[in-house]
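Chemist: Under full-length UniProt numbering, the first residue of the sequence shown is numbered 1, with each subsequent residue one higher.
Any given hint could be a false lead.
Said to hold, decoys possible - Label-pair ranges, simulated between beta-carbon atoms:
| no. | residue 1 | residue 2 | range |
| --- | --- | --- | --- |
| 1 | Lys-404 | Pro-289 | 44 to 50 Å |
| 2 | Ser-190 | Ser-259 | 14 to 20 Å |
| 3 | Thr-321 | Lys-419 | 44 to 50 Å |
| 4 | Gly-138 | Thr-532 | 55 to 61 Å |
| 5 | Gly-407 | Ser-291 | 45 to 51 Å |
| 6 | Pro-217 | Leu-40 | 42 to 48 Å |
Unchecked claim - EDC-like mimics (lysine to aspartate or glutamate), calculated; alpha carbons at most 16 Å apart, straight line:
| no. | residue 1 | residue 2 |
| --- | --- | --- |
| 7 | Lys-676 | Asp-709 |
| 8 | Lys-671 | Glu-724 |
| 9 | Lys-629 | Glu-750 |
| 10 | Lys-298 | Glu-262 |
Note that these hints are calculated values from the structure, not bench results. C-beta atoms are modelled at their ideal positions from N, C-alpha and C, and glycine is treated no differently.
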Amino acid sequence: MRKASGNETDHAALLAIKAGVVGGSSSESVEALSSWNASLHFCNWVGVTCDGRLQRVSVLDLAGHKTGGFVSPFIGNLSFLRVINLSGNMLEGFIPTEIGLLSRLEMFNVSLNALRGGFPLHLTNCTRLLTIDLARNGLGGIVPEKLGSMPRLQTLSLNINNFTGQVPSSLGNISSLMQLKLGENRLRGSIPGNLGKLKSMTFLSLGLNSFSGKIPPSLYNLTSLLILSLPLCQLSGTLAPRRLQYLERINLGGNYLGSGDEGDLDFMTNLTSLRILSIAGNRFRGMIPHSIGNLSSKIEKLVMGSNMISGHIPAEIGNLTSLVGLGLEYNNLIGQIPWSIGNLVTLQILTLGGNGLQGTIPSSFGNLKHLYSLGLERNRLQGSISLNLQNCSSLQILYLNANKLNGMVPMKLISSLNKLTKLYLSYNSFTGYFPTTVGELINLYELHISHNKFSGEIPRELGKCSLLELLEVQENSFKGTIPLSLGSLQLARYIDLSGNNLSGRIPHELQNSSSLHILNISFNQLEGPVPTKGIFSNLTGFSFQGNEKLCGGIPQLHLPRCLSFDQINKERRCSMSTAVIIAVTVSIFFGFVLVSIFTWVVCRKVSKRNDAPSISLVDGGQYLRLSYKQLWDATNGFSMGNIIGAGSFGSVYSGALGDKLIAVKVMNLEKRGAIKSFKAECKALSKIRHRNLLRILSCCSSLDFKGEDFLALVYELMPNGSLESWLHGSRTLKLEQRLDIAIDIASALEYLHHDCQPQIVHCDLKPNNVLLDGDMVAHVGDFGLAKILRGRLSDNLSQEQSMSSLGIKGTVGYVPPEYGTGANVSTEGDMYSFGILLLEMVTGRRPTDEIFKDNVCLHNLCKSEVMNTNMLHIVDPHLLAELNNDNENSNGTNNEAMDVEKMKECMKAITEVGLACSMESPNERIGTKETLKVLHRTKTKFIEKRIRAGRQNVHHFAEERTTP
């Protein structure tokens with residue numbers, strides 16, 4: 001076809017561009033450019049626009065065509081180009097330097113691709129550029145100062161890349177700049193005050209970087225600013241009252257802003273155009289001003305959670321009738337929830353959890369017909385659930401857990417909220433039957449009603465909730481059998497029925513649920529055979545303790561053999577015969593027994609302590625007491641070769657009593673505090689019983705062969721040693737094993753902190769005190785420093801507790817900072833130790849590692865790397881090797897690459913839990929229940945992804961086998 005004079009160069013350049021794109025080989029690329037052929041003039045090709053007179057290409061717009069390949073350097077030959085828009089594709093490689101030849105270029109947009117390399121510095125030669133958009137690629141390096149020499153630039157978007165270094169202060173010289181987007185990079189340093197010179201600026205986004213210092217006061221001069229986005233930037237300082245009358249959106253969440261004094265929220269005045277305000281996750285203190293009701297009538301979102309805001313929620317907040325989202329969660333708010341919130345009829349999200357709010361749930365909430373998420377958890381709300389909530393027919397998420405609510409849950413309420421996906425009612429005092437109308441919640445995938453006073457049977461209608469994934473009904477008074485219908489919940493991942501009065505047999509239908517990873521039926525009255533398939537073959541996922549009449553199951557459960565009907569009848573007949581014999585025997589020896597009792601009383605007074613049959617522990621606990629000689633024989637005379645560990649107050653020996661392997665902790669009575677430690681451990685262990693706590697088998701208070709005092713504790717031997725030996729020895733743990741161990745430890749702490757009466761604080765949680773049995777299940781041991789809390793944490797503790805807290809020991813690196821200032825021991829202290837332990841499990845570094853000095857500690861190291869998305873720099877080399885090994889074996893398949901990505905996500909999730917647990921302030925640390933929930937969800941996601949990837953890989957392998 002004949003071409004207009006002078007445009008042959010454009011035609012050749014376009015063909016070269018097509019070759020580069022189609023060379024990426026995706027079918028989408030070929031289809032998108034199918035019109036680029038000789039049957040049409042190139043000015044009529046898809047995405048190509050020419051000027052009318054010269055027929056030269058002025059616009060190249062292939063946005064969203066999913067083209068692959070690379071950007072050809074021949075693009076620089078399209079000398080009349082004014083617009084290049086290649087966004088939303090799958091382009092790889094580098095941005096060619098030839099772009100700098102396009103002197104007429106006004107827009108360059110290659111966002112949403114997979115480009116790499118540094119900033120294309122040659123773009124600064126294109127002095128007519130109005131827009132540079134490189135967002136959402138893999139670009140890195142520094143942002144060049146030379147950008148400040150671009151006289152007409154209006155939009156600069158570099159967000160969601162890997163740019164490093166500082167924000168160039170020269171950007172403040174571009175007087176035409178209206179939009180600056182540098183968020184989600186790895187930028188450091190301070191925000192340059194020179195940006196305050198950009199009088200035309202309407203959109204400033206710098207969030208998710210690692211800045212330091214304060215928000216420059218000069219930014220308050222940007223009177224044209226409409227949007228200010230600085231979340232997660234590590235900024236500090238206070239906010240001055242603003243003169244930004246046109247500001248519509250402010251996002252300052254996740255920083256360190258606020259002085260901690262009254263008046264921190266005064267900056268909100270004069271923001272008369274505001275639509276969105278987000279300051280969550282900072283350090284703002286003080287009361288919400290009553291003038292909040294004077295904010296813009298157009299305000300839609302007010303997000304102020306996770307600060308230190310105190311006082312009452314002002315009733316004037318009900319004036320903000322355009323609000324769609326209101327978040328005041330996890331502050332220090334008190335008093336009643338204002339009735340006026342019911343005036344916010346457009347409200348969709350309301351979160352007030354984690355405060356000290358009292359009173360009842362306002363009946364005015366029934367006016368919120370558009371509400372789909374309501375969070376009132378962790379307050380002090382009382383009374384019954386307002387039936388007016390049934391009018392909130394759009395409600396999908398309801399959090400009422402951890403309050404003081406009581407009464408029955410109305411059946412009509414449950415049936416009316418048929419869009420619910422999450423229902424949290426745990427840790428209240430609800431009574432009566434749980435409504436059978438729960439079966440009408442066909443969208444429900446989380447139901448949490450644990451730790452209440454529900455009675456009757458677990459509704460069999462739960463089987464109709466086909467999307468249900470998490471079910472928690474533990475610690476209630478449910479009776480009857482486990483509903484057979486639970487076996488039809490094919491998506492269920494977590495079911496906890498423990499701590500009820502359930503009886504009868506375990507339904508075999510439960511073993512058919514392939515998605516079930518956690519099933520806890522502990523401490524009920526169940527009996528009969530345990531199934532052997534599905535979840536019942538998972539030693540770490542299935543818990544059954546406290547059901548003494550269970551039998552069978554897989555051999556590893558060590559349950560008694562189930563008897564047949566004939567065997568049971570035979571035993572009954574034998575029992576009747578035996579009863580007759582016993583009766584005769586008792587008659588004959590009755591007189592002998594009387595004599596024996598008299599003889600025993602006399603002899604007991606003169607016998608040695610090491611011959612006594614038992615020892616009475618604190619609060620009535622009884623254990624068989626072994627003699628010194630028995631322990632001497634069991635440990636080869638306390639041989640040096642039998643020592644398997646040493647602690648502050650003694651040594652631990654391995655031994656055997658018959659075919660039972662044991663560990664004997666011998667107290668060194670010359671060490672000050674050893675006797676106190678022995679008593680503390682006996683006292684604590686006499687009160688507790690949990691699968692993840694080291695169980696005491698016996699104890700010995702006797703005299704040795706020299707006639708000197710001897711104290712020892714006897715435990716079941718843990719054949720796989722301590723967690724310390726795995727983290728810092730020659731053996732290695734895989735990521736999934738570490739996650740299982742973390743869950744085991746968290747389960748033990750949850751039991752100590754919430755299920756013990758009174759509560760127990762371990763006070764010395766560290767890898768040395770976590771022991772692993774033959775199945776690699778973790779058991780927390782060494783309660784030598786444990787403290788028993790006699791009252792609630794908010795009450796005055798007993799004299800014993802107060803006295804003991806003055807001499808806190810523990811282990812350096814794991815002891816919470818508040819203990820060093822004389823604070824009483826608390827469950828929050830254990831959470832700090834657990835957080836440090838989690839970070840150690842991910843990094844492989846002890847908190848006392850020599851690299852930690854000055855202001856650098858394990859917590860801060862992990863925090864900075866997670867913020868900068870550089871986690872692989874701090875990961876334990878063994879985990880890194882596992883990751884690399886999976887990567888090398890992936891053969892480039894998407895499924896296995898996805899598996900590798902899931903490992904990274906899992907590592908990050910564990911690290912984030914560790915950070916949340918080890919916050920410096922006890923009030924900021926998350927508790928065991930939240931921790932355990934997050935860890936379980938992390939494991940579920942991790943396992944599900946691996947199972948899915950494994951199935952897909954099997955399918956991929958099968959396809960390869962059948963390919964000719």
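Chemist: Indicate, hint by hint, whether the structure satisfies it.
Modeler: Now for the hints, and whether the structure bears them out:
no.	hint	verdict
1	Lys-404 with Pro-289: 44 to 50 Å	30 Å, violated
2	Ser-190 with Ser-259: 14 to 20 Å	19 Å, holds
3	Thr-321 with Lys-419: 44 to 50 Å	24 Å, violated
4	Gly-138 with Thr-532: 55 to 61 Å	49 Å, violated
5	Gly-407 with Ser-291: 45 to 51 Å	38 Å, violated
6	Pro-217 with Leu-40: 42 to 48 Å	58 Å, violated
7	Lys-676 with Asp-709	14 Å, holds
8	Lys-671 with Glu-724	24 Å, violated
9	Lys-629 with Glu-750	38 Å, violated
10	Lys-298 with Glu-262	27 Å, violated
The structure does not agree with the numbered hints 1, 3, 4, 5, 6, 8, 9, 10 stated previously, though it agrees with the rest.
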